[in-house]
Amino acid sequence: QAVVTQEPSLTVSPGGTVTLTCGSSTGAVTSNHYTYWFQQKPGQAPRTLIYDTSNKRPWTPARFSGSLLGDKAALTLSGAQPEDEAVYYCFLSYSDARWMFGGGTRLTVL
Amino acid sequence: EVQLVESGGGFVQPGGSLRLSCTASGFTFSSCNMNWVRQAPGQGLEWLSYISESGSPTFYADSVKGRFTISRDNAKNSLFLEMNSLTVEDTAVYYCARGEGSSWFRDWGQGTLVSVSS
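So the sequence lines, in the order shown, correspond to chains A and B.
When we follow this note's numbering, the leftmost residue of the first sequence carries the number 5, and every step to the right adds one.
When we follow this note's numbering, the leftmost residue of the second sequence carries the number 123, and every step to the right adds one.
So here's chain A without its partners, still in its complex pose:
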């Protein structure tokens, strides 16, 4: 059973830049994992920010970007705003139809 790994928590200063990563216990994350990134604020449903590694939804703020970084997928936030404080989840698709979320990264803007 694969495990999808994320940093449990990160802190970024307002206006600063932070990179969240998403790794796989089975090896390098590639474009074939079709990585998704979701944002969830307290008491709300998740919201999709990124799909297929780097594609944005119409509502995704321009300051968010997705990429592959080394052997992981990455979500970079450039110019953090207070409203970006949330839990961020990545999601990986494996070839045997086993799809998995990471444990989430709690991002604090402080």
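For the record, the hints were derived by calculation from the structure and aren't laboratory data.
Ideal Cβ positions, reconstructed from N, Cα and C, are used throughout, including at glycine.
There could be a bad hint or two in this list.
For the chain A half of the interface with chain B, some residues (derived, Cβ under 7 Å), not all of them [unchecked claim]:
1) Y40
2) P46
3) A49
4) T52
5) Y93
6) Y98
7) A101
8) W103
9) F105
10) G107
11) G108
Given chain A, put chain B in place with the hints provided.
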């Protein structure tokens, strides 16, 4: 406006069954693949099941395979999750989410709470 509204949640005893529904509006439901995702209290997201636009294929997480069944009624713009042999570990908020084309998650519902307890 795209809307996904889950319903059917509630209290159930261990070993019991429940059927969740997700009613869609504001888009062509029959053109969208659908997923169920759950979130236990204070925990992260867990993907449960996928169904294609036509109803086949379907995929399941190991944790629910053989106990949960995903289905859809395109004429009624509705998605379902039949849940059997429920345990306390199934207590969670259950979300439906729609995809489009080769993309699996676009819009999410607000969720429905399932509580399994004796």
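Each hint, compared with the structure:
1. Y40: holds, 6 Å
2. P46: Violated, because the Cβ-Cβ distance from P46 of chain A to chain B comes to roughly 11 Å (cut-off 7 Å).
3. A49: Hint holds; A49 of chain A Cβ to chain B Cβ min 4 Å, cut 7 Å.
4. T52: Holds - the Cβ of T52 of chain A comes within 7 Å of chain B, reaching about 5 Å at its closest.
5. Y93: holds, 5 Å
6. Y98: Status violated, d = 11 Å.
7. A101: holds, 4 Å
8. W103: holds, 5 Å
9. F105: Holds, because the Cβ-Cβ distance from F105 of chain A to chain B comes to roughly 4 Å (cut-off 7 Å).
10. G107: holds, 5 Å
11. G108: Because about 5 Å separates G108 of chain A from the closest Cβ in chain B, which is inside the 7 Å limit, the hint holds.
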